[in-house]
Amino acid sequence: MDIKSMKNYLYWLYCQFELITCSYLMEPWEKLLFYTFNITMLAMISYTAYIFIPVHVSTAFQFFLHLLGNQHENTVSIVK
Amino acid sequence: INHIVHNGGLYKRPFNEAFEETPMLVAVLTYVGYGVLTLFGYLRDFMRQWKIEKCQNAIEREEQKDFVPLYQDFENFYNRNLYMRIRDSWNRPICSVPGAKVDMMERVSHDYNWTFTYTGRVIKGIINMGSYNYLGFAQNSGACQEAAAKVLSRYGAGVCSTRQEMGNLDKHEELEKLVARFLGVESAMAYGMGFATNSMNIPALVGKGCLILSDELNHASLVLGARLSGATIRIFKHNNMQSLEKLLKDAIVHGQPRTRRPWKKILILVEGIYSMEGSIVRLPEVIALKKKYKSYLYLDEAHSIGALGPSGRGVVEYFGLNPEDVDVMMGTFTKSFGAAGGYIGGKKELIDYLRTYSHSAVYATSLSPPVVEQIITSMKCIMGEDGTTFGKECVQQLAENTRYFRRRLKEMGFIIYGNEDSPVVPLMLYMPAKIGAFGREMLKRNIGVVVVGFPATPIIESRARFCLSAAHTKEMLDTALKEINEVGDLLQLKYSRHRLVPLLDRPFDETTYEETED
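As given, the protein sequences belong to chains A and B, one line each in that order. Position one of the first sequence corresponds to residue 1 (full-length UniProt numbering), numbered consecutively onward. Position one of the second sequence corresponds to residue 1 (full-length UniProt numbering), numbered consecutively onward.
Think of the hints as simulated: they come from the structure by calculation, not from any bench. Keep in mind that a hint or two might mislead.
25 Å max Cα-Cα, derived BS3-like pairs, lysine-lysine [claimed, not checked]:
1) Lys31/A <-> Lys51/B
2) Lys292/B <-> Lys31/A
3) Lys444/B <-> Lys7/A
4) Lys7/A <-> Lys177/B
5) Lys208/B <-> Lys237/B
6) Lys494/B <-> Lys410/B
7) Lys290/B <-> Lys237/B
Rough simulated footprint, nothing fancy, chain B against chain A, three-plus residues with beta-carbon under 8 Å [as the list claims (entries may be wrong)]:
8) 8–22
9) 26–38
What you are looking at is a predicted structure, and each value in this text was computed from that prediction instead of being measured. For each residue, glycine too, the CB sits at the ideal point set by N, CA and C.
Build the full structure now, drawing on both the sequences and the hints.
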């Protein structure tokens with residue numbers, strides 16, 4: 001029962017996405033092109049985020065610690 | 001509902017008009033949608049140009065490729081890339097009288113709306129929420145139809161002449177006397193086409209050296225008539241009396257642009273009900289301004305005649321004003337009387353002048369006799385002169401339907417524009433895909449609606465326009481409301497944040513330009 005209403009809700013969400021981005025009006029090959037482009041962009045962005053955000057966050061963290069004063073230097077282990 | 005007395009108590013009843021602001025997220029998403037469609041439009045144009053795809057729209061011939069391009073402007077781009085995708089919601093062929101229910105021929109398209117084929121099936125009993133049938137006189141049976149049939153067998157259908165030559169029938173004289181009596185003016189004249197009434201008579205009234213002050217959202221016929229006349233045209237913001245007053249003051253103080261001479265005439269062009277917004281003109285204030293600055297008023301009551309006022313006499317009666325204050329009262333017989341044509345009413349000297357100098361009188365064929373008889377019968381019915389109270393009941397039924405329908409839609413959470421009493425109900429859709437989706441989903445549920453997009457409305461403010469009728473029973477309205485509710489949930493159309501912005505409750509002065517406070 002829950003799975004069915006979940007599936008209906010997801011289908012409804014998909015319909016809203018279609019309406020907002022006007023892919024409801026596109027011919028099938030245009031839809032394919034549009035979704036391929038979107039999914040590729042999404043995949044690239046999420047891969048970039050996965051690779052780079054932890055490194056950037058920890059670098060920024062260290063930078064701000066260094067800025068606040070040197071007393072924490074020997075308690076922070078530098079990851080190479 | 002605000003019972004505010006402002007403007008010196010010119011209004012005898014509360015004036016409730018609201019145009020809820022577009023929610024920011026919806027506006028952004030609408031632009032996103034249009035952006036995606038524009039990109040795909042460029043892609044398709046590229047493919048058509050390089051012959052990757054078959055070109056099905058009109059293009060110039062080979063010999064004309066070096067001339068000024070015909071199809072490269074935005075209108076044509078919009079037409080072939082955006083309008084074509086949702087074209088099946090318009091030009092739907094109906095095959096019965098457009099009453100409260102209508103029959104429609106089913107059609108399908110196999111190449112994405114470039115061509116249509118009829119399946120042969122007729123969809124019967126579609127609830128008609130799109131016809132301008134305000135008082136329900138679009139019937140193929142009843143007193144009007146019988147009278148028109150009798151006149152048809154006596155006079156025939158064609159007139160075969162213009163009004164000034166051999167086309168002036170006794171029926172026309174009878175009609176004009178009746179119209180003058182109905183409106184409460186001295187004299188009236190009837191023309192064969194409502195659009196032509198505006199576009200051919202404004203040039204006869206004003207010319208070069210005159211000033212026309214026209215509302216922002218006036219109909220194409222008024223705009224065309226104003227441009228054809230050769231007068232200077234200045235636009236004031238929609239229904240905004242401060243803007244109009246500022247323009248009037250500037251006109252009187254500065255005169256004509258180069259020579260600084262006084263204007264020969266100042267004509268204010270307004271409509272009774274604006275059909276795209278559902279708003280009613282602020283007539284008491286316009287008349288007060290007109291009297292103060294000694295200008296003339298041209299009121300186009302195309303949608304409001306028969307639909308407003310306790311006895312259906314239009315927006316002048318709705319506000320309780322004197323019809324003699326309006327210099328030129330124009331209207332059409334298409335909407336509330338179930339016929340065709342237009343009329344102009346006013347003082348006797350004005351109408352006698354128009355009989356001689358109007359282009360429509362000299363060159364256009366006059367009204368066809370059965371149509372005239374339909375107008376005469378329906379007008380007598382509305383006035384109560386045929387002995388029954390059918391007309392009065394229709395007017396009251398329309399007012400009730402209007403109030404009920406608008407209230408229910410607002411409660412459901414849709415954004416509805418316009419005045420509470422106007423039978424034209426625009427429901428905002430905003431996104432381009434929802435225009436097509438709304439039209440199709442409503443047709444699947446057997447309700448016919450008119451959806452409007454660019455260029456009739458601003459590009460993000462596309463809407464569905466419902467025209468209520470006295471012929472709609474409460475059951476039909478309830479069915480329609482139930483389906484609209486369903487489709488609204490399906491398409492996520494309930495944008496209203498229920499922030500009913502009240503009209504300003506401080507007196508208007510020269511520094512106020514906006515009607516509402518945020």
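(message) Run through the hints listed earlier and report the numbers of any the structure violates, in increasing order.
(response) 2 and 4
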